[in-house]
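Undergrad: Work out the full structure, taking the sequences as your base and the hints as a guide.
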Amino acid sequence: MASLAAKGISKVFEDGFQALTDIDLVVEPGEFVTLLGPSGCGKTTLLKTLAGFYDATTGRIEIGGTDVTAAPPEKRDTAMCFQSYALFPHLTVAENIDFGPRQAGVPKAERRARLESLLRQVDLEAHRDKLPNRLSGGQQQRVALARALAMRPAVVLFDEPLSNLDAKLREQVRREIRALQKEIGFTAIYVTHDQSEALAMSDRVVVMQGGRIDQVGRPEEIYARPETAFVADFIGAANLVPFEDLGGGRVKTPLGELRAAVPPAGNASFICWRPEDVELVEAGAASENVIRGVVRDRAYQGAHTELHVATGDADLGLQRLHVAGAAPAEGAEVAFRLGADQIRFVRSALA
Amino acid sequence: MVSLSDTAPVAPRRPRRPAFRRFTISNMLIAILLLVCVIWLVVPFGMAVLWSLLDPSVRWEYPDVLPPALSFARWIEVWNTTSLPMALRNSYILAPTVAVTTLILASPTAYAFARHDFPGKGAAQVLTLLPLVIPGFVLAIFFSALIFSLGIYSRFLSILLAHSVLFLPYAIRLMTVAFSNVRLDLVDAARDLGASPWARFRVAYWPALAPGILASLIIVFIQSIEEFAVAFVVGAPNFTTIPSILYSYLGYNFVRPNAAVVSLVLVIPNVLLMLGLERLLKSANPAQTGVKG
Amino acid sequence: MTLRRTLTIAALLTPGLGLILVMVGSVFYIAVAQSFGYYNLSGESAFSLDHWRDVLGSKQFGRSLGYSAYIAIISALGSIAIAYPLAIWMRKPFRGSLVVGSLLKAPLFVPGLVAAFLFLNVIAYHGVLNQFLIWTGLTDAPIRFQNDRNGFGVIFLQLWKNMPLALLLLTGAVQGISDEVVDAARDLGAGPLARFRKVIAPLTVQAMQAALIIIFIGAAGDFAFQVTAGPTNVQSMAQYMVFLKTSFGRWNQAAVVGVSLMGLALVGALGLAGLARLTLRGLKW
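Chains as they are written, first to last, in UniProt numbering: chain B, 1 to 351; chain Y, 1 to 293; chain V, 1 to 285.
Hints are computed from structural coordinates only; laboratory data are not their basis.
Glycine residues also receive a C-beta, built at the ideal position from the N, C-alpha and C atoms.
One should not assume that every hint holds.
Distance ranges between label pairs, derived from CB positions [stated by the list, open to error]:
id: 1; chain 1: Y; residue 1: V187; chain 2: B; residue 2: G317; range: 54 to 60 Å
id: 2; chain 1: Y; residue 1: L150; chain 2: V; residue 2: Q131; range: 52 to 58 Å
id: 3; chain 1: Y; residue 1: F156; chain 2: V; residue 2: S48; range: 34 to 40 Å
id: 4; chain 1: Y; residue 1: A236; chain 2: V; residue 2: L3; range: 45 to 51 Å
id: 5; chain 1: V; residue 1: S178; chain 2: B; residue 2: G302; range: 52 to 58 Å
id: 6; chain 1: V; residue 1: G25; chain 2: Y; residue 2: P68; range: 54 to 60 Å
id: 7; chain 1: B; residue 1: T66; chain 2: Y; residue 2: L186; range: 54 to 60 Å
id: 8; chain 1: V; residue 1: R197; chain 2: Y; residue 2: E278; range: 56 to 62 Å
id: 9; chain 1: V; residue 1: G25; chain 2: Y; residue 2: I213; range: 24 to 30 Å
id: 10; chain 1: Y; residue 1: S196; chain 2: V; residue 2: S178; range: 22 to 28 Å
id: 11; chain 1: B; residue 1: D297; chain 2: Y; residue 2: G276; range: 36 to 42 Å
id: 12; chain 1: B; residue 1: E110; chain 2: V; residue 2: S178; range: 29 to 35 Å
Calculated cross-link-like contacts (lysine-lysine; reagent style BS3-like; alpha-carbon spacing at most 30 Å) [stated by the list, open to error]:
id: 13; chain 1: Y; residue 1: K121; chain 2: B; residue 2: K108
id: 14; chain 1: B; residue 1: K75; chain 2: B; residue 2: K182
id: 15; chain 1: B; residue 1: K75; chain 2: B; residue 2: K108
id: 16; chain 1: V; residue 1: K92; chain 2: B; residue 2: K75
id: 17; chain 1: B; residue 1: K182; chain 2: B; residue 2: K108
id: 18; chain 1: B; residue 1: K182; chain 2: B; residue 2: K130
TA: As structure tokens, then:
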């Protein structure tokens, strides 16, 4: 039985704005699923619809095998970690964590046991009697997580929980959340706009755009085999070029004629490749999939140098290349080759 | 996934029932509340307006629902035969003076509260509220004993002093907020760009202070116009203000139509000022909205 | 803190806070001094407990004190009881909420004497209310509302004038609670009542205490409403005090009543505020 199953969810707000369109999502027990997308893509709306704060306009939601489509948040077996942590400012750390079980009428002994073990797990035993405003951001985040976990919910929902932390702390808390998730084995749905967070934490990533799901997959799949131009561009960096199918894996592009290992699907409209997938070759080298251009600018990034290369077709814009080791200077003419198996086809235009 | 098979029916665009019901209940509540508000405000004020317009030649008695004849005769009569013009002049000279005096007295303290940290600041802020917690007539009566023993005989100055102290808490509070709204980075930016002190004041201080100053002036003005205890105890019988006249019509000398006229004279300018103030406070504090997700 | 800074701050505080302290302090001092026979405006000044004995011994004083306390407590608690649900209802803006809010708060801007007059018109023996009651058949003859023995007229006026203040304070406090905190309580299984008891009430207790204190003090010291709409068989403290001073020139006895009124205001306000806190502590779980 799935921890959470949503089918055909759409959400139209009272002002007529359609925030979600036909969302299908199934989350298995113990899974860590990330909803990833730019702001305004509907990921938080989806999370709040799953939690019950919004009524879905259409569709059906099951949590732990029960239909909760019409249930209010307090009756759903979910627990949320809010962006602002939303700790009760008048209650101590221990009282915050104990809030949910108390509401649920959990017996006292059991509540005590949960509290103690959670305080230990999130390493807040020393702070149990403090009020939230005496804690650091990272500690507050851990209280919020412990408070959610104390409910023993079927699903823990995270609404961009790390966005209020500074970069270093963010990485640390992210590892803590993932470690705790593996240790306890809770099911999590995690909203973020940070693609590196999504790739690093998730079992599966759900990429959303304009209120729809673009692609669902393991992080490796999402990165290596994007299905849409949006996903390719949003996750990591990508060069996207329109093409005409010549048949047999051969395509005609503004960069010249190229050969791909796999022929394009019928609805594909761009070829896509990652900046790090190119290989610089001798200017005169005559080989297939070799593209020539002029370096317009370069930016040293440590592990690699990023080049922006103008090719013959000026309307196309600059192509992005990542080159390890010595890189050509600005203004230099370069030639680079794309491996046939590194050319992928994606559908639809950039959002 | 077992529980939710692909064949599970998905109702298209099914409006959720509770949401629908909530919507109408809320609408009904609004309607009821508006009705209550009408009774709450329109009926009392409507009665006052009708009474003030009652023609002196007729009587409005049970069981007439509406007055038999209306005219402005009462207004003219009250204006010509009572001390209302004098009271109006007193009130409308006193109130602006109080408003400006209070603002000037309040500003340094407000500046200290907004821009300085010092030990006992919290206690000091609470102490500024003292005039609000002394019952008005206690303050009025023993203030009159104080000025008597000090030998101050000017009623105007006495009431001015009492009103200024009474309404300082409002002015201090509003100006503290205004001073804390001054953005120091703007001050620094203006200095950095070589602005003169006057230009700095205009660009960094004035925009933040202006709403607070105006709000403080309006609030204190209204309060001073309305204030009854001090104006009555200290001023009567030589220095009449509008509330003192109204009191005389309500108390020992109850003349309903005259009281109606004076009530309206007292309340209408205040309501207009209050509406202006509401707009002012709203513009100074724009609601922030944002959608994410 | 350097001496220079101390002096600067002291100088800044003098015209505002300083003036308040001097004036209120002097008034308070004179009231207390006069109640003990000092500071006589006429005749000689000497320490005496006679005035306290005279006033405290009089039947009228006891009645006034009890009556003012009664009016003040009912007004303060009643205003809060009406304002809380409204404030929670208006926590989130909805269509018409601005209009409703302004209408509800309008009485705040109506001077007390005008409010009393407006009210008299409505509840007069042949006023709108009685005509309405007769028209609907609820009563056969007009009812006497004005100057009723229980002070209901005064209480109604106090509520009309003071509920908006409570509403203003509570709306501000309730709106100050972040949506996410309330959502978190819902998400953790708290229904509407539990959300109010465990989250909203504790987080707005200061606004509630402020409203209780201000309304209690205002109602305890009421003069205008009592004179126009109050019972004729009992005087409010302020009325009694003014009566002693103006009718008989008994400054010292008026001072005793004035000091007692301040005492009532202090005790009542602190008592209500403490009660609010204790109740909440009981409600917490």
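Undergrad: Verify the proposed pairing of K92 of chain V with K75 of chain B, using a straight-line Cα cut of 30 Å.
TA: 22 Å, holds
Undergrad: Measure nothing beyond the straight line between the CA atoms of K182 of chain B and K108 of chain B; if it is 30 Å or shorter, mark the hint as holding.
TA: This hinted pair holds, its Cα atoms lying about 27 Å apart.
Undergrad: Is the straight-line distance between the alpha-carbon of K75 of chain B and that of K108 of chain B 30 Å or less?
TA: Since the Cα atoms of K75 of chain B and K108 of chain B sit roughly 21 Å apart, the hinted pair holds (cutoff 30 Å).
Undergrad: Starting from the hint 34 to 40 Å, judge whether the C-beta atoms of F156 of chain Y and S48 of chain V obey it.
TA: With a Cβ separation near 36 Å, F156 of chain Y and S48 of chain V satisfy 34 to 40 Å, so the hint holds.
Undergrad: Can the suggested window of 56 to 62 Å be confirmed for the beta-carbon pair R197 of chain V and E278 of chain Y?
TA: 33 Å, violated
Undergrad: Could you see if the CB distance from E110 of chain B to S178 of chain V stays within 29 to 35 Å?
TA: 30 Å, holds
Undergrad: So the hint says 52 to 58 Å: do the beta-carbon atoms of S178 of chain V and G302 of chain B match that?
TA: 41 Å, violated
Undergrad: Given a hinted range of 54 to 60 Å, is it respected by the beta-carbon distance of V187 of chain Y and G317 of chain B?
TA: Roughly 44 Å apart at Cβ, these two residues miss the hinted range, so it is violated.
Undergrad: Should the hint that G25 of chain V and I213 of chain Y are 24 to 30 Å apart at their CB atoms be regarded as holding?
TA: 28 Å, holds
Undergrad: Mind checking the alpha carbons of K75 of chain B and K182 of chain B for me, to see if they're no more than 30 Å apart?
TA: 26 Å, holds
Undergrad: Straight-line Cα separation of K182 of chain B and K130 of chain B no greater than 30 Å?
TA: It holds: about 28 Å lies between the C-alpha atoms, which stays within 30 Å.
Undergrad: Okay, D297 of chain B versus G276 of chain Y on CB: inside 36 to 42 Å?
TA: 57 Å, violated
When each numbered hint is compared with the structure, violations occur for hints 1, 5, 8, 10, 11, 13.
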